[in-house]
Amino acid sequence: MKSRTIKVDYLARVEGEGGILVKVKDDQVTEVKLNIFEPPRFFEAWLRGRLYKEVPDLTARICGICPVAYQMSSCHAIESAFGQKPDGMIRELRRLLYCGEWIESHSLHIHLLHAPDFLGYQDALAMAKDFPKEVERGLRIKKLGNDIMTTVGGREIHPINVRVGGFYKSPSKKDIRAYIEPLKKARDEAVETLRLMATLKFPNFEQDYVFVSLRHPTEYPLCEGNVVSSNGLNIPVSDYEKHFQEEHIPHANALHSKMLGTGAYLVGPLARYALNYDRLTPLAQSEAKKAGLEKVVKNPFKGIVVRAVELLWAIEEALRICESYEVPEKPFIEMTPKASMGSGMSEAPRGILYHRYRLDENGYVLDAKITPPTSQNQKQMEDDLRAYVEQNLDQPHDKLTWQCEQAIRNYDPCISCATHAIRLDILRD
Amino acid sequence: MAKQSKPRIAVWKFASCDGCQLSLLDCEDELLAVAGTVEIANFAEASRAMQPGPYTVSLVEGSITTPHDAERIHKIRRDSQVLITIGACATAGGVQALRNFKDVKDFFNTVYASPHYIETLAKSTPISDHVRVDYELRGCPINKMQLLEVLNAFLNGRKPNIFPHSVCMECKMRGTPCVMVAQGMPCLGPVTHAGCNALCPSFARGCFGCFGPKETPNTASMSSQFQKMGLKDDDIVRAFRSFNACADPFRKESEAHEK
Ligand code: SF4
Ligand code: SF4
Ligand code: SF4
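So the protein lines, in turn, are chains A and B.
Our numbering puts the first residue of the first sequence at -14, with every later residue one more than the last.
Our numbering puts the first residue of the second sequence at 24, with every later residue one more than the last.
One should not assume that every hint holds.
Computed far set for chain A versus chain B, every beta-carbon distance over 12 Å [unchecked claim]:
| # | residue |
| --- | --- |
| 1 | A(-3) |
| 2 | W31 |
| 3 | E39 |
| 4 | T184 |
| 5 | S215 |
| 6 | A249 |
| 7 | Q270 |
Here are some of the chain B residues that sit facing chain A, going by a computed Cβ distance under 7 Å [unchecked claim]:
| # | residue |
| --- | --- |
| 8 | C40 |
| 9 | D41 |
| 10 | E51 |
| 11 | L55 |
| 12 | A56 |
| 13 | V61 |
| 14 | A69 |
| 15 | V118 |
| 16 | R122 |
| 17 | P164 |
| 18 | C223 |
| 19 | F226 |
| 20 | G229 |
It is worth saying that the hints were derived from the structure and are not from the lab.
Idealized CB from N, CA, C, for every residue including glycine.
Assemble the whole structure, with the sequences as input and the hints as a guide.
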């Protein structure tokens, strides 16, 4: 076939609204677009003038799938601006809340959004007819993540218990300890999930990624650490904007990020795993090995297996915190605003999420900048599409179209996040 | 045959965070059962299979912010027997309606390389500004149990069992001591619609109004109470301007305290 167009008007099983377009002429890929038509929501513009205390509740609304990531990056940025940092059990509670989100989001993506692609179903409900045990297991693990978020954060979507400096209220020891047994059970179930995902058929496809993630001296990355990359970058979060920039492109209501001097780069599970394999728990490491994963995975379709490794890690980390939890003396530290600027970064389930705020002496926001993982991955997603189509031009049209969709779903993209920012052009009222 | 007569449900998204429709997938214990009794005809976040209408019930999340969406909602209305909006975005314009209070020039001046690539309306408006809506479910996000109740009610031709009273009533019902009286914290509970089971007061913080105004709220008296507690006009403006900033009673009250 000489010329063809692969077009998906509305990507399913992703968060937000986007489509893809790949044009092929004379067996050459001439055009690749990830169209993002999700309307922009202008968070950075109207965050100006809001009091620092309101920021985590407001930025949470950028994304219903990873609100904790927004709350954590906001809090860390503002705390770093004020030069005050909660530690001890408050820090542990934050990690527990974040693990709840990872468990919920990873299990949702693995079982309900991504696995149906590999098994040839339109959705998890259809898949459940043939794989009831597996889908139910996914729902059970997902629910445990949600329950942890509810206990620590008040509710699973847009938790209300998070504040700059810590929490409004600490959960009781009894409530947290109650998760020990369910987490132990979930750990076994996550191992089963991981083993099952390892048996899926993966297209033979590898990319030479530049991986970017956080790296912490002792922990698998979640809320803290330096920004590191597989091509040698190692910088504090406060230097992020010196090395990464966003640009506006015509076909998407979202900004494309690039790494200066490098271009496209990859954030998310594949990147975290490649750069922090040595920080995984022994069980996660040995199960990854049993699942046939190398220490660096370059096949994006295997992201589902890496995500399952991270799911197992998050369950073990949550378990560790629950076993050692003591109620903190006070659920938060008091903040003293000052004229300042601060940045914060955390690892959303789909990759690094950067926030930077400038605040006045009373703690009102002068300006804000938020760079979500999906805008950072967008360039790389298009590169994946191009390379994948080039290598698979002989595939029947329907199959190739489905695989292109899958190439995007590999990223678990979060399109509402990616479009929170762009400032607007007014057409009419 | 039985399969054909199943009610057909569709879920639609406009400008939003996906949180309200995620509530449906968060019904982990009920999801497979619900899916067994209805046909999920269109739910892009969950399925690749997108069937054309007509639909028995359409659940609409998000607000209208582009010329294209202002047209799309009309088609959805025509294709749907019942149209239910879910969440603050769809019922009140959502947090993105905070743009409605800004001078659009501010947005222009926070420059971007090529702003003309994007088509956006100056205002974010609720679905009911554009088409007839059969039922509005509140919350940012909605309460998933209320969502199941509303779906159930419409599929069985009865009225949803959802009360229009205030968060204060829920505080009383669950026996939570009042944070405003006991600890002097500002709380929007007296004017906010019930539905969360007085969540924030039970976590030692005041309500910030994510379920929007209750039926006939006395917002003026709320503000004068806030003033007695030491809040300034601009604190009051911000209190009423969050996720339901463009719901009429909240919008008017915030405007009354502006300058
Ligand atoms: S109402 Fe809130 S939770 Fe629902 S879609 Fe809008 S921002 Fe998200
Ligand atoms: S805490 Fe708030 S919602 Fe509860 S009774 Fe007091 S004022 Fe009402
Ligand atoms: S108490 Fe108010 S702000 Fe908190 S969840 Fe309920 S309605 Fe929302």
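Here's how the hints hold up against the structure:
| no. | hint | in the structure |
| --- | --- | --- |
| 1 | A(-3) | 4 Å, violated |
| 2 | W31 | 4 Å, violated |
| 3 | E39 | 7 Å, violated |
| 4 | T184 | 22 Å, holds |
| 5 | S215 | 29 Å, holds |
| 6 | A249 | 19 Å, holds |
| 7 | Q270 | 29 Å, holds |
| 8 | C40 | 4 Å, holds |
| 9 | D41 | 4 Å, holds |
| 10 | E51 | 4 Å, holds |
| 11 | L55 | 6 Å, holds |
| 12 | A56 | 11 Å, violated |
| 13 | V61 | 11 Å, violated |
| 14 | A69 | 6 Å, holds |
| 15 | V118 | 5 Å, holds |
| 16 | R122 | 5 Å, holds |
| 17 | P164 | 4 Å, holds |
| 18 | C223 | 5 Å, holds |
| 19 | F226 | 5 Å, holds |
| 20 | G229 | 10 Å, violated |
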